[in-house]
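S.K.: Please construct the entire structure, taking both the sequences and the accompanying hints into account.
Last residue of the sequence shown: number 424 in my numbering, and the count goes up by one each step with no gaps.
Some hints here could point you the wrong way.
Subject to a maximum C-alpha distance of 20 Å in a straight line, what follows is the list of computed EDC-like cross-link-like pairs (lysine to aspartate or glutamate) [claimed, not checked]:
| # | residue 1 | residue 2 |
| --- | --- | --- |
| 1 | Lys373 | Glu205 |
| 2 | Lys235 | Asp224 |
| 3 | Lys171 | Glu377 |
| 4 | Lys296 | Asp413 |
| 5 | Lys155 | Asp396 |
| 6 | Lys296 | Asp417 |
| 7 | Lys159 | Asp385 |
| 8 | Lys159 | Glu388 |
| 9 | Lys166 | Asp156 |
| 10 | Lys171 | Asp385 |
| 11 | Lys373 | Asp202 |
| 12 | Lys155 | Glu388 |
| 13 | Lys373 | Glu308 |
| 14 | Lys296 | Glu404 |
| 15 | Lys155 | Asp385 |
| 16 | Lys171 | Glu411 |
| 17 | Lys296 | Asp156 |
| 18 | Lys166 | Asp385 |
| 19 | Lys171 | Asp202 |
| 20 | Lys155 | Glu260 |
| 21 | Lys166 | Glu388 |
| 22 | Lys171 | Glu260 |
| 23 | Lys296 | Asp330 |
| 24 | Lys166 | Glu377 |
| 25 | Lys373 | Glu196 |
| 26 | Lys296 | Asp324 |
| 27 | Lys373 | Asp169 |
Bear in mind the hints are in silico, worked out from the structure with no lab data behind them.
Remember, predicted model here, so these are calculated numbers, not experimental data.
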Amino acid sequence: GQYQAIRNTMLKDPEKAQEMIDKFGDFKVPVFINGSIHGNEYEGTDACIRLIETLAFGDSEEVQSILNNTILLFNVVHNPDGRVMGTRSNAKGLDLNRDFITQTQPETRATVSVITEWNPMIFLDLHDDVQPMLIEPCTPVHNPNYEYDLYIKWALFQAYAMEAELIANTDETEAIIPFRDWEWGWDDWPPIYTPMYAMYHGSYGHTLETPYEDERGVDADYWAVWGALKFVAENRQAMVRDQIEIFRRGFLDLPQLPIPEWILEETEYDQYNDLIVQEFP
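M.R.: Below, the structure written as structure tokens:
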């Protein structure tokens with residue numbers, strides 16, 4: 144399809160890929176939703192199933208907009224053994240959300256194969272439990288190998304969209320967005336985590352932590368993801384242009400840029416721009 148043509152080109156000739164966006168006009172972008180990488184965090188899988196049912200059988204304008212503008216990639220249960228056993232880890236006792244550098248486990252390698260095949264524009268990883276609900280982006284320290292200025296301009300406002308959808312459709316009155324709300328303690332430095340690894344492939348990655356381990360947690364995941372899907376449907380062309388810009392900078396060995404001041408105004412905490420913008424040999 145059109146996105147696969149753009150995707151194949153963005154890795155080899157990013158400037159040509161930008162031209163293809165103008166040529167194609169309307170095209171769909173991939174969104175990867177990953178459920179229950181921790182097996183006993185059941186809400187992610189249940190939310191994935193509910194989302195699939197809504198998208199398969201719903202006929203609302205929102206459903207049609209999402210289907211017309213996105214390619215939905217669901218990993219309904221990343222850790223099936225852990226789900227059956229009721230454990231955080233997989234059958235070998237490993238936390239799969241720490242395995243994305245070493246990629247020792249088949250579950251990890253299966254997810255990596257989809258990430259590398261599609262370069263999903265959005266990656267959402269569904270977890271529990273943080274009270275109130277936590278929606279990334281993260282606190283410092285930020286990994287200097289990301290083009291953080293491009294990532295955060297979309298990830299932060301997509302998080303706002305998820306927060307708004309959550310509040311509008313559940314009893315929740317707020318969410319934690321670590322970039323906005325915390326000084327330290329929830330960083331995106333190591334690419335051992337699923338969304339952080341996906342960010343190496345140009346994704347706008349988010350971990351979502353629901354506030355409850357019951358149906359309320361399923362509701363929270365469902366509506367937060369729904370907010371993200373609506374945001375993507377509305378902003379996909381501009382978002383994919385910045386995704387391609389990530390590869391263009393790497394392809395041309397261009398210097399990194401700091402987080403813009405207008406985004407830094409969204410948080411009272413220092414984001415340590417001087418650690419993000421680095422020259423590497």
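S.K.: Does each hint fit the structure? Answer for all of them.
M.R.: Results of checking the hints against the structure:
Restraint check: the Cα-Cα separation between lysine 373 and glutamate 205 comes to about 7 Å, which is no more than 20 Å; the hinted pair holds. Only pairs whose Cα atoms come within 20 Å are accepted, and lysine 235 paired with aspartate 224 is accepted, the gap being roughly 9 Å. A hinted pair counts as satisfied when its Cα atoms are at most 20 Å apart, and lysine 171 with glutamate 377 qualifies at roughly 11 Å. Restraint check for lysine 296 and aspartate 413: the C-alpha separation of about 16 Å stays at or below 20 Å, so the hint holds.
For the proposed pair lysine 155 and aspartate 396, the alpha carbon gap of about 14 Å is at most 20 Å, so the pair holds. Note on lysine 296 and aspartate 417: the hinted pairing holds, with a Cα-Cα distance of about 18 Å set against a maximum of 20 Å. With a CA separation close to 14 Å, the supplied pair lysine 159 and aspartate 385 stays within the 20 Å bound. This hinted pair checks out: lysine 159 and glutamate 388 have alpha carbons roughly 11 Å apart, not beyond 20 Å.
For the hint pairing lysine 166 with aspartate 156, the CA-to-CA distance comes to about 15 Å; that is within 20 Å, so the pair holds. With a C-alpha separation of about 16 Å, the suggested pair lysine 171 and aspartate 385 falls inside the 20 Å cut-off, and the hint holds. For the given pair, lysine 373 sits about 15 Å from aspartate 202 by alpha-carbon distance, which is consistent with the 20 Å threshold. About 12 Å separates the Cα atoms of lysine 155 and glutamate 388, which keeps this hinted pair within 20 Å; it holds.
Taken as a hint, the lysine 373 and glutamate 308 pair is honoured in the structure, with Cα atoms around 10 Å apart against an allowance of 20 Å. Restraint check: the Cα-Cα separation between lysine 296 and glutamate 404 comes to about 11 Å, which is no more than 20 Å; the hinted pair holds. Between lysine 155 and aspartate 385 the CA atoms are separated by roughly 16 Å; this keeps the pair inside 20 Å, and the hint holds. Pair hint lysine 171 plus glutamate 411 does not hold up; C-alpha atoms about 36 Å apart against a cutoff of 20 Å.
Only pairs whose Cα atoms come within 20 Å are accepted, and lysine 296 paired with aspartate 156 is rejected, the gap being roughly 24 Å. For the hint pairing lysine 166 with aspartate 385, the CA-to-CA distance comes to about 17 Å; that is within 20 Å, so the pair holds. A C-alpha spacing of about 19 Å is found between lysine 171 and aspartate 202, which places the hinted pair at or below 20 Å, so the restraint holds. For the hint pairing lysine 155 with glutamate 260, the CA-to-CA distance comes to about 14 Å; that is within 20 Å, so the pair holds.
A distance of roughly 17 Å separates the Cα atoms of lysine 166 and glutamate 388; the hinted pair therefore holds under the 20 Å criterion. Proximity of lysine 171 to glutamate 260 is assessed by CA-CA distance (about 15 Å); at most 20 Å being required, the pair is judged to hold. The straight-line distance between the Cα atoms of lysine 296 and aspartate 330 is roughly 17 Å, inside the 20 Å bound, and the hint therefore holds. Distance restraint check for lysine 166 and glutamate 377: the Cα-Cα separation of roughly 19 Å lies within the 20 Å cut-off, and the hinted pair is therefore satisfied.
The suggested pairing of lysine 373 with glutamate 196 holds, with an alpha-carbon distance near 17 Å, which does not exceed 20 Å. Restraint check for lysine 296 and aspartate 324: the C-alpha separation of about 16 Å stays at or below 20 Å, so the hint holds. Proximity of lysine 373 to aspartate 169 is assessed by CA-CA distance (about 16 Å); at most 20 Å being required, the pair is judged to hold.
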